[in-house]
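Asker: In this note's numbering, the protein residues as written are 222 to 417.
No lab work stands behind these hints, which were simulated from the structure alone. Hints are supplied without guarantee of correctness; some may be wrong.
[What the hints assert, rightly or not] What follows is a set of in silico ranges between Cβ atoms, one per label pair, in the way DEER data are often shown:
no., residue 1, residue 2, range
1, Arg-321, Arg-347, 32 to 42 Å
2, Ala-228, Glu-266, 15 to 25 Å
3, Pro-302, Arg-225, 26 to 36 Å
4, Phe-340, Pro-265, 47 to 57 Å
From the three backbone atoms N, C-alpha and C, an ideal C-beta is built for every residue, glycine too.
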Amino acid sequence: MFKRRTAQLYYQLMRRLVGAEVPAQAGDFRLVSREVIETLRQLPERTPVYRLLVPALGFASAEVRYSREVRAAGETKYPLPRMIALAWDSVANFSAAPLRLATWLGAISFLACLGLIGFGVVAYLRGLTIPGWTSTFVAVLLLGGVQLVCLGLLGEYVGRIYATVQGRPTYHVGADSAETELTPPFPAAPVGSARG
């Protein structure tokens, strides 16, 4: 039950991060054409997650559905640490979500820092602080907030560089009309007649 539930959560997360083209309960076993193999070989993936990578390439595909039987013997060879590693590789290879999370945390922290700076100034004006505390407090918060925002922006650029370095093709040409004889959807009409 735990394994099935965590697998379901994994595919829900991947569909949210990667897109709806991720099939639910997809496996790594698949029959692919030579063209798909050559495209996969050209990619500089260090830790490929084929269950996400092959659908992302955009080639025509079909599914073979089957019902899983209860394990007859033995134990799973895919324990929890490998499942966690698969989830991390999937998120890191196909999404900039962790970097965007850093950007949002930086922005939220910066806003919190601004609020605390206001609190420090008000405390100073009311005479509730010791000399030097307010300036130190404000300087540390301001520098910390700016650093977090800059790290988030840097993360956004790193995410875009990473997506470019992956070298995944943006499109594939399914067929060349110059090489394939196109058949019209209806027979050619004689000259001078009207089609209905």
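Asker: Hint by hint, note whether the structure agrees.
Answerer: Now the hints, each set against the structure:
1. Arg-321 to Arg-347: 32 to 42 Å: holds (39 Å)
2. Ala-228 to Glu-266: 15 to 25 Å: The hinted range 15 to 25 Å holds for Ala-228 and Glu-266, with Cβ atoms some 22 Å apart.
3. Pro-302 to Arg-225: 26 to 36 Å: violated (18 Å)
4. Phe-340 to Pro-265: 47 to 57 Å: Check passed, 50 Å falls within 47 to 57 Å.
When each numbered hint is compared with the structure, a violation occurs for hint 3 only.
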